[in-house]
Amino acid sequence: MPSSNQRIQIIRRTYYDSVTLMLVAKELLKTEGVSVASLSMGTEANYKIMGSGGFDLGGVDATPNDLIIAVKTDAPEGEREALLEGALEKAKEYLANPPGRKADSGGDYRPKSLDGALSILPDANLALISVAGKYAGDVAMDCIGKGLNVMLYSDNVPVEKEVEIKKAAAEKGLLVMGPDCGTIIVRGVALGMANACPPGPVSIVAAAGTGLQEVHVQLARRGVGVLHGIGTGGRDVRREVGGIMCLQAVNALLADDEVEVLTVLGKPPAPEVEQKILQTVKAGKKPAVLGFIGGEAKGDSDGVFICRELEETAAVAAALAKGEDGARARENLFRDYESLRQRAETIGRRKGFLRGLYSGGTLCYEGQLIARDILGPIRSNTPLEKEMKLEDSLRSEQHSMVDYGEDEFTQGRLHPMIDVSLRAERIYEEAKDPEVGVILFDVVLGYGCNDDPAAGLAEGIRKARSAAGDRIAFVASICGVDTDPQNASEQRRILEELGVHVCESNARAARLAAMILEG
Amino acid sequence: MSVTKLLKEGPKVVNIGVEQFYADLKTQKAEAVSMDWKPSAAGGDLLARLKKLRKGGN
Amino acid sequence: MIDIEKANGEALSRLLSAQPLLVGMGKAKDTVPGMKDRMLLHAGPPLTWETASGPIRGGVMAACMYEGWADTPEEAEKLAAGGAITFDPCHHHHAVGPMAGIVSPSMPVFVLENRTAGNTSYVTMNEGLGKVLRMGAFAPEVIERLRWMEKVLYPVLDAGIRLSVERGQEVDVKNIVAQALHMGDELHNRNKAGTSLFLRAIAPFLVETCKNAAELAEVIRFIDKNDHFFLNLAMAAAKASTEAAHGVEGSSLVTIMARNGTEFGIKVSGLGDDWFTCQAALPDVLLFPGFTREDTNRDIGDSAIMETYGVGGFALAAAPAIVQFIGGTPKDAANYTLEMYEITGGENNMFTIPALNFRGTPTGIDILKVAETGVTPVLDTGAAHREPGKGQVGAGIVRMPAEAFLKAAGAFADRYLGE
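Chains A, B and C, in that order, give the protein sequences. One rule links them: number in this note's numbering = place in the first sequence (from 1) + 206. One rule links them: number in this note's numbering = place in the second sequence (from 1) + 55. One rule links them: number in this note's numbering = place in the third sequence (from 1) + 3.
It is possible that some hints are incorrect.
Cβ pair distances, simulated, as ranges [claimed, not checked]:
#1 269/A - 417/C: 22 to 30 Å
#2 603/A - 417/C: 54 to 62 Å
#3 59/B - 540/A: 46 to 54 Å
#4 303/A - 87/C: 51 to 59 Å
#5 30/C - 269/A: 52 to 60 Å
#6 252/C - 445/A: 16 to 24 Å
#7 445/A - 417/C: 22 to 30 Å
#8 333/C - 269/A: 22 to 30 Å
#9 269/A - 276/C: 36 to 44 Å
#10 257/A - 52/C: 35 to 43 Å
Keep in mind the hints are simulated off the structure, nothing from the lab. Beta carbons: idealized from backbone N, C-alpha and C, even for Gly.
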């Protein structure tokens, strides 16, 4: 009987966060002869991911509380046994002392309980929660019980739980930012995935993580800083949740003398929620910009500007902060966008379909809106209209844009802004499709993000270029600034050397990508 | 209101989960403590009962 | 519904306000309540000869020969297996015993009194290191030493202690514990300072009462050579204090943690007389040369009363000299103590740790916090050979298993949720 080329071991009732597991898997892959390595909790989603990684999971009975270590080898038969055994041993060693983490020995004490943490930092005012979704809701409740505001980075938190948490928090006058809230700025300090920009007169309430990042960055490019950027999580402004936290945050910022210009961001809220927000903001007597991406609301009034796109929102807010005319700033911006046609011409028109591969959810949404106006219907795993939903998120059809930050990709995995490998592979996959003319993607920088995403994507782009030659144009936007840990200019240089056309904003990149295919 | 306190004082953070977020806060010189969080030893049922017990007691 | 915080506050206050003093000595059969002929007390929760581990069996065999119930180890084993001996936990008699914790009727014991609540506790004299009964050894030298302790050590100490009591200058054991913590002891695996302080306290009385200079010198040398002599006294002080905290309705604080080499068991202040038990941990300790992990017996001894009292493993931050036991740095030792704050009801008002800015030691283990956090008590302990007669194999850090705490938490919810 030939020896198996895989080995799977289950460690019962143990828990590691997905970051540690990813790091260990990455370390294992450096071992010669190990072709695939996976460490994951036994969730249904992870079974699927492992199955697609080529593992035979017959007889594996791990529960979500069990850790599965799985390794595969491409070594010749005689060497397999020892190699796989060695890899499993190594995995366990790494788990005991995770690579990349500071050795525990002599390190600062890390409290095991919330009470323990509060005994070390008694005047804590915010909990940043990024544990697995099934635990996150309860942890958040405990934090609210202790009087802490909560940033809930975790996703996969059920909506009922979200409502329960937010109601409890609202009663205590606390904020719950999230679930699925990736970005927050408080007094200029970035939490989660956020950019290193200076503070300033604008404050933002955002239902959207990358929406907040994009506006933060666009404001910085216009020399305007952000004091607070409060995330609410995408579902907050939907009917089920009713905008509890959005309204709470808006009220807090309106009451804050340090806030000169208020901005509210996100996909369009449920109509009744939108009305409430609009009324509250108008009553607040502060210059304000509402950026409901792709929203139906139109018409600026009473010092409140209504915008449909992210850069537009930032441009208007920046103008207001500088005491300039918001409407004129918007006109100038859209005039500027028209000049992208010239750039498309210079790059050279392509035929075929547009394929967008996004790590930022709001950026993907905005990209679809813009491209649809130019190219017609766009398919997506997070489509503008239900009918446009991709049957399989892993297989594009016609014009498609895929959001890799969706729950389906992040269960038991790192967010695509941290782990760029899935998108790098997909870029190559798309390039092999002869009907593709443009590949569009975002590169999101800042704290909490991959420390060199351009380099991580480079291998995929190189392979794609050699597969497709000149048939495909590559267009990207970089959401970041030079003060970010990754340095935006440096990232841009890497991409441009690979022949990628880099734009100043997602709105520009999406326009340019669509215009290249126009006509 | 506690939100106001947060906005005036700036973040003083209990980090529960991804260690990188804690490191980033330290880089920005924000006050923070990072928990070594693990799911409770008690199963879901016992934990729920203990919570009930705590609520009743306070 | 019951106010747990208030109940725990009461239990903790009883524990902290206890004032255990050394008030006398006596033979176990004349002194220890409920002690009977042909009865042997042992460490940990109840056991039978069938379930007894190697070190307990070895200790029982040694005690049978010491009492003259048997002449050889084989005879002793037969006697014990035949049901002629009654086994009972030390804790059922207000007593504690390190490792095997065997107390036989003729053994002399110290008597401590908690002046605050009036309760008493009992403990044998520590035999020293190497081949000793408490580690399960039963060689002739072990029995000989026990006889010497009964014939020489006991009368000399007893006379000195009597005089100290007469003068109203009883040895204040708690005070010695507090001072020893500032001198590098954590009072479980290191008792060097405590032993020295005890000798200083008792020596004048011994000199005044002992007329035989040679015997006095023997006694002082014996105590001086045994760094752990004070451990037993400290354990009795801990027992007198934690027992005072027992029986507070609604309190989730642990008043007993003990291991018998097979099982680990706890009692909880607000849960009456029930033991909550599970299999004892297998200590992964620093081994003496020539021993392997396979030689190690499961965790054993009533000495876990020290951690129940808020010292021992809970005060590791006070004892940088023994960090080699935990294979780390003084910061690692401090981290163990910091972790224990997360499962305790409060901080000690008398036992403080210089390295933590004189913060009080974590005191009063709360079963609810253990269940909620998954953090279990850490002990630094000795480890015995799993076979009778072989003695100690090493020392180091061991975690108490969570299961007993979870069982207790379940019972606590049953009792106080009123469902």
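Violated hints, by number in ascending order, as checked against the structure: When the structure is compared with the hints, numbers 3, 6, 7, 8, 10 turn out to be violated.
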